[in-house]
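Trainee: With chain C held as given, fit chain E onto it using these hints.
Quick mapping for you: the protein sequence lines, in order, are chains C and E. For what it's worth, this note's numbering labels the leading residue of the first sequence as 1, then goes sequentially. For what it's worth, this note's numbering labels the leading residue of the second sequence as 162, then goes sequentially.
Treat the hints with caution; some may be incorrect.
[Stated by the list, open to error] Covered, in the sense of this in silico footprint (three residues per stretch, anywhere, with C-beta under 8 Å from a C-beta of chain E), are these stretches of chain C: (1) 13 to 19; (2) 39 to 45; (3) 73 to 80; (4) 149 to 156.
[Stated by the list, open to error] The following label-pair restraints were derived from C-beta to C-beta distances: (5) E/Thr912 with C/Ser154: 45 to 51 Å; (6) E/Ile858 with C/Ser154: 23 to 29 Å; (7) C/Asp55 with E/Leu544: 55 to 61 Å; (8) C/Asp3 with E/Pro808: 48 to 54 Å; (9) E/Lys852 with C/Ser154: 22 to 28 Å; (10) C/Ala158 with E/Lys852: 28 to 34 Å; (11) E/Gln275 with C/Gly12: 35 to 41 Å; (12) E/Leu544 with C/Gly84: 52 to 58 Å.
[Unchecked claim] Residues from chain C that keep clear of chain E, each with C-beta distances beyond 10 Å, as calculated: (13) Asp3; (14) Thr36; (15) Ala49; (16) Asp55; (17) Val64; (18) Ala67; (19) Gln68; (20) Leu86; (21) Gln90; (22) Val94; (23) Ala114; (24) Ser123; (25) Pro124; (26) Arg159.
I should point out that these hints are in silico values taken from the structure, not numbers from a laboratory. None of the values given here were measured: they were computed from a predicted structure. Backbone N, C-alpha and C define an ideal beta-carbon position, used for all residues, glycine too.
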Amino acid sequence: MSDIELHLVVNGAPCTVQAEPCLTLLEILRDKLGLTGTKEGCGAGDCGACVVLMDGQAVNACLVLAAQAQGAHIITVEGLAQEGNLHPLQQAFVDKWALQCGFCTPGMLMSCYALLLGNPDPSPEEIREAIAGNLCRCGTYQSVVEAVLSAARSTREARHA
Amino acid sequence: MLDFSVIGKPAPANRSRDIVTGQARYCPDIRLPGMLVGKLLYPKYSSAIITRLDVNSARMLPGVVALLTARDIPGENSYLYALPADQPLLVTDIVRYQGDALAAVAAETEELAQAALDAIKVEYEPLEGLYDVLEAMQPGARQVWPDRENVYDHLIIDHGDIDLGFKAADIIIEHTYYTPLVEHAFMETEGAVAYLDENGVMVVYSSCQAPHRDQIQIARALGVPESRVRVITPHIGGAFGGKDEAHVQIHTALLAQSSGRPVRIIRSREESILTHVKRHPIIIRYRTGITHDGKLTAVHAEAIGDTGPYLNAGRDVMNFVAATLSGPYYVPNARLEAYTVFTNNPICGAMRGYGIPQASFAYEAQMDLLARRIGMDPLEIRLLNGLDTGMQVPTGVTIREGRGMKACLQEAARFSGWKGRLNETPQPAPHLRRGWGMASIWFSIGMGRGIPDHATATLDITLDGSVILHTGAADMGQGAHTALAQMAAEAIGVKFETVKVIGPDTAITFDAGPSVASRQTFISGNAVLNAAQPIREVLLQTASELTGLPVGILQLRDGLVLAEGERLSLTIAELAIKATQENRCLHADGFYAMQYPEPLQPNSYAYAPAVFTFGTQVAQVLVDIETGQVTIEKLVAVQDAGQVINPGGARGQIEGGVIMGLGYALMEELLVDQGSTQNPNLGTYLIPTAKDVPALIVKIVEIPEPFAPFGAKGLGEPPLTPTAPAILNAVADAIGVPLYRIPLTPERVLTAIVSVPEIFPNNGS
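Looking at chain C on its own, in the form it has when it is part of the complex (with noise of 0.2 Å):
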């Protein structure tokens, strides 16, 4: 099978990436474009480590075929920090000690990250929803979610002052 011209939006920049149909959008991201950030728990779609950002919504990378992704702006935890300064919620993670292993984090930030897209104030049970396909092994939920609680109120706050 020949390979397909596939054209991304990968934290913002536009790339253009010649891979064969059967790729997914994770191995694109690591393995095309060295983003390995993004990490791979299972392939199956029941980790969530591999979670992305595919035009707003939270998706698993690791079931979206090349061409499924064709034209699609994907935001990874590369690309949550802006000229080194740490995105709140990757500030709040650290803080909080919302990570262990910090295998999961990366999915798990941008589940959470797309979460307070659409939801800057959310409830300690929206998140528990928005991160229940993000298995963490070392059991960081709950530092997790008063994470995601701290950074959504300090970016409300910095909104408002």
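Mentor: Structure of chain E alone, referenced to chain C:
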């Protein structure tokens, strides 16, 4: 409370900024020029003779650069964790479980590597495997090994007089408990990357818990001196005991040696679940004698562990089960037995808790049944029998610091509102039953007497007053590096931010032993203190000379020099410069080995540990008696920590442990049929999600441990162990039926409700 400036204070996890920005590199993120993809061939059967293994046509395929079978291994074809070493890296003539590897291939791409595996011709003569542990114990049963009994080990720990103990009892109860086979499910599967560097050294990036042990194993398999092997641990995506023994790092190095090119092997999730060691499924027969007024008189417990076909840590885990089965209680007479039994099921070994999750499940379920039988509150029976400082336990050890047991019990009762629970409604809806349960545990820190248990740590202070800490201790996410950096900062007197942690890298860090047994805070922590001591002395001596003040009144703190608490205009950086000018050494290695304060009793358990920690958890549950669904309404976890080093890290270890324990209680069971795992993925082997976990209430008891660094003892494993029995006891309380088996799936709970008459009234008393 001691006046610390770094210990016990909030500090971010080491390298957490790398993690949240996606810059942290784990094994699968390492890309080297010309790197090949390695894969292993696994068998079709879990018990079979290999009659033909033909790799010739596979070798000829395009893109295949190296293909190894057992005969191509230049050195020892063995994992060396267990002695005697019994598990081959690549099997020769017989398959003993589903995770045995037959061949290893390195090819230009993943697809070509898979094509090569598919082209290997294997013919088997299937054998009737042994899959039932009780059947394997029968006299005359077929043997997994021709030259070894299926019952590989039978440990008996005898203490006091068991017959007299049961004679002194007013009531004796006996039950049998069952625990499931459980999977680690670390989020990063096992992986390694290996290449031969320009000096002829095999460099191996390994997602592991024991880099220095890896180094030895790799060298022996390659047939090269250990000095020609360098193991580096990159970021590790969780381990929980499952990356203690080597997994693919030896095969990866063998392929790199054979191909002359960099190679990486990353296990798929399914390969991971099918191959690595598991938490033993254990059957525990438990007989306890008690007086009417609630004093334990005797315990006789027998634990049978299905350890699979290879030794790994199986016997050591089972011995730990026996050594712990009397629980955190004073038991004057005990016989504690453990059987390590070979089968063709998955290999069992180290998993967070190392046998204690199983033991504590049995002794705490039994404790509640005893309480009900004599009409005593579960809290009271535990307080009455709880261990304390100075008491001797069945392994012959006297507890050096044991106040944590009752302190945790009392705190757990207080924060859970234990005494007020009877005022709450036991039946909030016709189909719902509410219940409460508690469980207490004891847990030993360190490997145990007779097992090497030491660490070296290295400290350097630079001329700007910052500190470099070299450690060979793997941090798999548990926070060891953060805690060690805090201890180094406190011990020398610098700010936490100025400490840089480097390692593990066997080329530049010394052996700290494996990151297991909740030991690194204690052992490597003491090594850090021993390294800090001479550096601090040099700095203080230099400060004394510069100021003309006696050493005795000087302090180093937060990078500054103080005299009787008053800050001087002198920094540690200035001291470092001056000390260097005076030709004084600002580098030190610290060594520490676990110390055992007393000789053991004759005939006692050989590996008896010296340091114990305690914990109590309380669960409040709601059971839907129409569906069997269990909802956790409240979980209170109180853990003895000695001294908290990092509040965020400590809380994370406790919450994470509780969540893993919740999975153990309610949902986790690896299903194996005829040696073949039926749910080898995360869609069918379910672990807790954010929605399965209630808001957790965590409290820490701090009673400094003697000989521990700043009084701190390990926290990695203990918090997992009371959760399952606390939940089980709560469910039993809710439905009024005793339960003997986890996980408490809805089906199992419903079966208990409909098949057993209510034998004790709802809600205690």
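Trainee: Each of the hints needs a verdict: does it hold here or not?
Mentor: Hints, verified against the model:
1. 13 to 19: violated (count 0)
2. 39 to 45: Coverage by chain E holds here, the residue count being 7 at a Cβ distance below 8 Å.
3. 73 to 80: Check passed, 4 qualifying residues.
4. 149 to 156: violated (count 0)
5. E/Thr912 with C/Ser154: 45 to 51 Å: 50 Å, holds
6. E/Ile858 with C/Ser154: 23 to 29 Å: Since E/Ile858 and C/Ser154 have Cβ atoms about 25 Å apart, the given range 23 to 29 Å holds.
7. C/Asp55 with E/Leu544: 55 to 61 Å: 59 Å, holds
8. C/Asp3 with E/Pro808: 48 to 54 Å: 52 Å, holds
9. E/Lys852 with C/Ser154: 22 to 28 Å: 25 Å, holds
10. C/Ala158 with E/Lys852: 28 to 34 Å: For E/Lys852 against C/Ala158, whose Cβ atoms are near 30 Å apart, the range 28 to 34 Å holds.
11. E/Gln275 with C/Gly12: 35 to 41 Å: 36 Å, holds
12. E/Leu544 with C/Gly84: 52 to 58 Å: Holds, at about 55 Å.
13. Asp3: 15 Å, holds
14. Thr36: 4 Å, violated
15. Ala49: 6 Å, violated
16. Asp55: Since the minimum Cβ distance to chain E is about 20 Å, C/Asp55 lies beyond 10 Å and the statement holds.
17. Val64: Given a closest Cβ separation of 18 Å, the condition holds.
18. Ala67: Since the minimum Cβ distance to chain E is about 19 Å, C/Ala67 lies beyond 10 Å and the statement holds.
19. Gln68: 21 Å, holds
20. Leu86: Violated, because the least Cβ-Cβ distance between C/Leu86 and chain E comes to about 7 Å, which does not exceed 10 Å.
21. Gln90: 4 Å, violated
22. Val94: Non-interface label fails for C/Val94: nearest chain E Cβ at 5 Å, not farther than 10 Å.
23. Ala114: 15 Å, holds
24. Ser123: C/Ser123 is indeed farther than 10 Å from all Cβ atoms of chain E, at 13 Å.
25. Pro124: 8 Å, violated
26. Arg159: Check passes; 22 Å lies beyond 10 Å.
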